[in-house]
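Colleague: Throw the hints in and build the complete structure from the sequences for me.
Chains X and U, in that order, give the protein sequences. If you're matching positions, the first sequence starts at 1 in our numbering and goes up one per residue. If you're matching positions, the second sequence starts at 1 in our numbering and goes up one per residue.
Among the clues, some could well be false.
Non-contacting residues of chain X with respect to chain U, defined by C-beta distances greater than 12 Å in every case (computed) [to be verified]:
| # | residue |
| --- | --- |
| 1 | G63 |
| 2 | L75 |
| 3 | Q85 |
| 4 | S100 |
Here chain U is said to cover these stretches of chain X; the calculated rule only asks that three of the stretch's residues, wherever they fall, bring their Cβ under 8 Å from a Cβ of chain U [what the hints assert, rightly or not]:
| # | region |
| --- | --- |
| 5 | 3-13 |
| 6 | 35-45 |
| 7 | 86-95 |
| 8 | 112-125 |
Everything labelled a hint here was simulated from the structure, so no lab data went into it. No residue lacks a Cβ here, since even glycine has one placed at the ideal position from N, Cα and C.
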Amino acid sequence: MTFQVGQTFTEVLVEDLKRTQIVQYAGASGDFNALHTDEVYATQIGGFPTVFGHGMLTMAMTGRLITDTLGIANLTRFSGRFTAQVWPGDTLTAKLSVVSVQPEGTKQQVDVTVRTVNQQGAEVFTATASAQV
Amino acid sequence: MAIGSFPVEAGQVLAFARAIGDESPVYRSAAAAAEIGLAGIPAPPTYVQASAHFDPDYPLRPNPGQDWFGSGAGPGTHDPRGAGVLHAEQHFEYHRPLLVGDVLTATVTPGETWEKTGRRGGKLVFTEQTTIYRDASGTPVVTARVVAVRTEHAPSQK
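Modeller: Here it is, written out as structure tokens:
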């Protein structure tokens, strides 16, 4: 596949995020922070309305759009900034934009930006990534 | 912090792919991975986070015989690392695809620390840390850089 500047790709990353998926990510990643896994702790000690998702779960789900578009074998860089918390019940959608395409030997060096928003349209995560495709 | 041995295993890669909702066959089958030119099952882009399982000093898991700050009979206690530490940024650089069968070591280097005044007047302290994951031959596979932010004192309520 060849890419062109201005192309966009969109993916729903999760619909109605479940607390159990947050726990599933805790088990997979090893980050069992009680703010993510323990409702009693998160509300009574943490002072939050409920548990919330790991920032790295949002980054990992956003990474799906990047690897679905550019290919896991081609990825050279993935950087992100966490801008808001993600809560149980959230539906996250990511939009990838191709911002630069340069010839690189027989391949293309492709740079993209990605913005992940929740069901209110509020930004939760922004990223940049590069691949040699 | 350093990690002496972080084996990249098929079962853990599958569990990680499931947890992030990724149903791609490349994380499940060496044959599917071969179709995209890889010599083995790849790990998803943020997979090195799972190195926490192999870090003997990792603070965010309960360990037998040690205090855990989460709830039990009571609601728990404040996180011993101090409240208010947030993950601000995460950066990964991939030197080659990370594959099942790789056994990595990790070395961690502290980076810069800088301060900003938050919008509501509190002092924000940013700290940077870089982890280099190397394969058995010592060649870097993934470089990860994290920026954490800590609120130094409570912002004014005005």
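Colleague: If you check each hint against the structure, which ones fail?
Modeller: 1, 2, 3, 5, 7, 8
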